[in-house]
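K.L.:
Once you've looked at the hints, dock chain R against the given chain X.
Residue numbers (this note's numbering), protein chains in the order written: chain X, 1 to 279; chain R, 280 to 686.
It is worth saying that the hints were derived from the structure and are not from the lab.
Here the structure is a predicted model, which is why all the values come from computation and not from measurement.
A portion of the hints provided could be inaccurate.
Output of the computed footprint for chain X on chain R, the stretches with three or more beta carbons under 8 Å from beta carbons of chain X [said to hold, decoys possible]: (1) 498-504; (2) 512-524.
SDA-like cross-link-like pairs, simulated, lysine to any residue; straight-line CA separation at most 20 Å [said to hold, decoys possible]: (3) R:314 with X:173; (4) X:223 with R:546; (5) R:545 with X:222.
Where is the CB? At the ideal position from N, CA and C, for every residue including glycine.
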Amino acid sequence: MSDTPSFHGTSSYLTNEALEASVNCALVLQKPLLVRGEPGTGKTLLAEAVAEALNTKLITWHVKSTTRAQEGLYHYDTVQRLYDSRFGDGDVKDIRRYIRLGPMGEAFKSEQRVVLLIDEVDKADLEFPNDLLHELDRMRFKINETGDEIVAKQRPVVIITSNAEKELPDAFLRRCVFHFIDFPDRDLMSRIVEVHHEGLNEALLKQAMDAFYAIRNMQRLRKRPSTSELVDWIAMLKNMGLGDVKLDKNLPFLGTLLKKEQDLAAYADQVAGGARWRS
Amino acid sequence: MSEPRKVPPMFLSFLYRLRKHDVPVGAQEAISLSKALMAGLHDSSLDGFYYVARALCVHREGHLDAFDQAFLAEFKGVEGEHIRLKEELLEWLKDAKVRLDELSPQERELAESLDLEELKKLFEQRLAEQKERHDGGNKWIGTAGTSPFGRAGKGREGIRVGAGGNKSALQSADARQYRPYRSDLTLDIRQMEMALRRLRAFIREGADEELDLDRTISETAKNAGELEVVTRPPSRPNTRVILMMDVGGSMDPHADMMSRLFSAAKRASHFKELRTYYFHNCVYGRVFKTEKFDEPIWVNDLLHECGRHYKLVLVGDALMAPYELFRQGGAMGVNDRNVVPGIQWLMNLQQHFRDSVWMNPEPRNYWEGTTIDAVRQVFEMFPMTLEGLSQGMAHLTKGRHARRSAA
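Extracted from the complex, chain X is given alone in its bound form (with noise of 0.2 Å):
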């Protein structure tokens, strides 16, 4: 097995045992990867650091609301081609040059195998994922105007991201190696937090992670705050010069950590019935 190239992760970039599993096992078993975990945790710097560690380039696709199936293969300039065709401007009838080859037509056809990001495909139509299940499995499509077939040259590593809330369908999930990112345990979110505001007051930190972690634990939230709200609430106290918080019903900038209404009314709840009991 010494040509499969094995993941270990970067400098730069934090794994664990996990991690490195599924990597590899997609590596091995050149199925692709579907990373999923609540927003914040490092989905998309993953595929950073793997086209990193092996060397390669990395082709990304962001997958919007309204991107189908067909956009990562290849589009069909026929606007440009009618265009041209009235104006005369170059040859018309080479559609050739009116195929404009999409990120996964790219990775298809780069020489050199390259890690192809495929993000955040929960966004697009619940069936989209199904669509690109055939050029995933056999690494080739045809574009259906010139007949031409571009096959993969080098399998390229595909990574794909996904919010932990939404459902993708059964036979795209059964052709993926699975992986789910934990959300950051105590030690690496004070490291995340360093990174963002270096040097930040000991005390503050702790009493800051203590009202975090004990927010996120508590039942009947339907939002739970997550990295970013973190790293935006510490940044306002920093501001405010506060030097301590306390969970309590007076917690400092509540709103920036829970940002509905239901929630902050579950807050309070849970807050005022944990005064009651201690009493």
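P.N.:
The following block gives chain R in isolation, referenced to the frame of chain X:
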């Protein structure tokens, strides 16, 4: 290399165990897993096996917790399992020698200085320690730094900053950290909306009001570049849904869930029509437009108004006294002197609508031996969980696909 390695039966029994825990695995997972093991991805350790198997057998975070439980059940505790596991681990060990070339010279020296017998002894020693997993998490076979198998070959690269810690596979499985993600436990409003979205279907009908760009272009091209505008009717949602909800009495504990389902259904913009009705315990002659049982509507009138193509979703625990379901006059409290027993009404509903489903908030293991059994014979029933809801919605749309292919 020597003859192809056989997949130890342990993996197969583990796969069946996963299925018992409702983690859907099949031939595809078995093949991937055995390929991965043959490639040595598990690094000849139980920890490695845990991560590789998890990556390949689990496809959604909702199943992670069940996987952990299955893993625990398979590999923890039972004395006999340890022995079997030991034998299989020893099998792997023999193979570890094959990969000696991956080791640095010093490591190779160390590995070669130990012969198989010594390795076995070391192994058994470690295995004995494993039983007392509380005082030696970092001594697990495979993670111990000095072990010539397992992770030793990797440590030298010095990149493993903050690597998975000293938690062994069994310990992390035991921690059950994925419990909150179980898809058979939680259901929030957004997940319900996503599930309901499965019901959407669009149809183009009515006046040609929308510009069909693709066909305009192709027609224009065929027309030698002279503009040829093509229009088409806009696409509109074409799903009509009737939602009937059981309220009061034994449904009170589920009130919160019901209100979430109600708002999710109301917010769904992809229904052409949504009718919601309430009933108590069972549907008798009438259903009600409000939770307080005002504005009754006769079920027969409703059936008259709504064609077969409406999709019927009943939500209720289907728990009642048997006479409430089977006897004439069994209706309680709603002032219905029902001549026709409840079960007959249910059958009428089921027969009228082409697609119907019953969602039940009671946990599945309480279904046996109650009136739920009887109701299940009438309606296809699914538990009111994320998984159950998607299955239920899929069931509602199943007929559509079947007809489409028949046509």
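K.L.:
Give me the numbers of the hints this structure contradicts, sorted from smallest to largest.
P.N.:
2
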